[in-house]
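There are 2 protein chains.
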Amino acid sequence: MKTLVLTAHPNLEKSRINRAWFDALAEADSVTTRDLTAVGGAGMAFDLETEQALLLAHDRIVFQFPFYWYSAPPVMKAWMDQVLSYGFAYGPGGDKLKGREFLVLVSTGGPADSYHAGGYNNFSMDELLKPFQQTALLTGMTYLRPFVAHGMAVATVEQIDASVPEMLAHLTDPELDPKVKQARLLKALAEDPTKAAAVS
Amino acid sequence: MKTLVLTAHPNLEKSRINRAWFDALAEADSVTTRDLTAVGGAGMAFDLETEQALLLAHDRIVFQFPFYWYSAPPVMKAWMDQVLSYGFAYGPGGDKLKGREFLVLVSTGGPADSYHAGGYNNFSMDELLKPFQQTALLTGMTYLRPFVAHGMAVATVEQIDASVPEMLAHLTDPELDPKVKQARLLKALAEDPTKAAAVS
Numbered sequence: 017m018k019t020l021v022l023t024a025h026p027n028l029e030k031s032r033i034n035r036a037w038f039d040a041l042a043e044a045d046s047v048t049t050r051d052l053t054a055v056g057g058a059g060m061a062f063d064l065e066t067e068q069a070l071l072l073a074h075d076r077i078v079f080q081f082p083f084y085w086y087s088a089p090p091v092m093k094a095w096m097d098q099v100l101s102y103g104f105a106y107g108p109g110g111d112k113l114k115g116r117e118f119l120v121l122v123s124t125g126g127p128a129d130s131y132h133a134g135g136y137n138n139f140s141m142d143e144l145l146k147p148f149q150q151t152a153l154l155t156g157m158t159y160l161r162p163f164v165a166h167g168m169a170v171a172t173v174e175q176i177d178a179s180v181p182e183m184l185a186h187l188t189d190p191e192l193d194p195k196v197k198q199a200r201l202l203k204a205l206a207e208d209p210t211k212a213a214a215v216s
Numbered sequence: 017m018k019t020l021v022l023t024a025h026p027n028l029e030k031s032r033i034n035r036a037w038f039d040a041l042a043e044a045d046s047v048t049t050r051d052l053t054a055v056g057g058a059g060m061a062f063d064l065e066t067e068q069a070l071l072l073a074h075d076r077i078v079f080q081f082p083f084y085w086y087s088a089p090p091v092m093k094a095w096m097d098q099v100l101s102y103g104f105a106y107g108p109g110g111d112k113l114k115g116r117e118f119l120v121l122v123s124t125g126g127p128a129d130s131y132h133a134g135g136y137n138n139f140s141m142d143e144l145l146k147p148f149q150q151t152a153l154l155t156g157m158t159y160l161r162p163f164v165a166h167g168m169a170v171a172t173v174e175q176i177d178a179s180v181p182e183m184l185a186h187l188t189d190p191e192l193d194p195k196v197k198q199a200r201l202l203k204a205l206a207e208d209p210t211k212a213a214a215v216s
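Protein sequences, first through last, are from chains A and B. Each residue of the first sequence is one higher than the one before, starting from 17 at the first, in the working numbering. Each residue of the second sequence is one higher than the one before, starting from 17 at the first, in the working numbering.
Treat the hints loosely; a few may be bogus.
[Unchecked claim] Simulated crosslink set (DSSO-like; lysine-lysine; CA at most 30 Å straight-line):
(1) Lys18/B x Lys195/B
(2) Lys114/B x Lys203/B
(3) Lys30/B x Lys112/A
(4) Lys30/A x Lys112/B
(5) Lys30/B x Lys114/B
(6) Lys211/A x Lys195/A
The set of hints was computed from the structure by calculation and includes no laboratory data. This one's a predicted model, so the numbers in the text were calculated from it and none came from an experiment.
Let the sequences and hints guide you as you build the complete structure.
Shown next, in the form of structure tokens:
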């Protein structure tokens, strides 16, 4: 499986967590990293042929970004609005992403407990990421469970270091595809009549 | 009440619905319109002092944009990430938007029935707009019910024309603040014991 990581950070050089992730991913097997801020330049302009060819050459598409105002930095959206074009990602003949996988890799400044009803960010990450989930759904991609690192505004070097192997393990988890996990659980159930009886 | 309309459209001149709204708003009383694409230029760069002074001079802030990939065009996010700064919109002393009102004015290509569970866009506009709702909540603004025009990909000139007075009526509706509407309903209830009994 080949993974394409599209990184949208306005200042990747100065970033702590996203830089650490980017560097680790750049060294990982079967992973292509792409710094969209560098590629797009000041005008955030992308070459459609290049970007679309890259998508076609990979099975799992990862959007990596810091969570600013509950979404991605503008360069991610510039890339989406330009590259996910009519006839490629949607509309007649626009099935080129169908069957691929899509995953959000995101860092937040605020702590995990703030992303809940009753927390100061009110909504869960699943709720706030729905625009990305629906982008995957409309283009026929399988939406995989995101990897989220919370509390990065006050994270220690140790916490950032620890997030790297966790992130890599998540991105290569064979059960990220919900159908794969469900199939294993159903198979286990079928093989053990005691358990099957317990849920019937 | 003074209203500031921040318009984020990559090509306002060629737009049908957003141009019609923008032109009507530009002529409305107590409304300031601002074409963010023109102001930000190719680099989408905003002058903080100018933008923040404009916010402070208005009571109701409107984000106007076409719904691309379930969010706003990149220039809207560029404006947010630059202008809603630490110490102004959040953080210590960052209470400058507190008490103001916030409203999303948005057009979608797809029809209304697609923005439902079971529709091809799966989620409701309220769900997909949560990143904007939470931006309003964190900055202490009252989130007002959005104005959404669906089906604009196939809208007739008549439908576009008809949306203009509807949009203007929505933006000046005195009961857009949910507390105002609730207070009126509770007052009506208190004045009519029959109705009060019916809900008790």
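Each hint, compared with the structure:
1. Lys18/B x Lys195/B: Holds, at roughly 19 Å.
2. Lys114/B x Lys203/B: Roughly 27 Å separates the two Cα atoms, so the pair holds.
3. Lys30/B x Lys112/A: Measuring from Cα to Cα gives roughly 28 Å; hence the hint holds.
4. Lys30/A x Lys112/B: 28 Å, holds
5. Lys30/B x Lys114/B: 35 Å, violated
6. Lys211/A x Lys195/A: OK: lysine 211/A and lysine 195/A at ~20 Å, within 30 Å.
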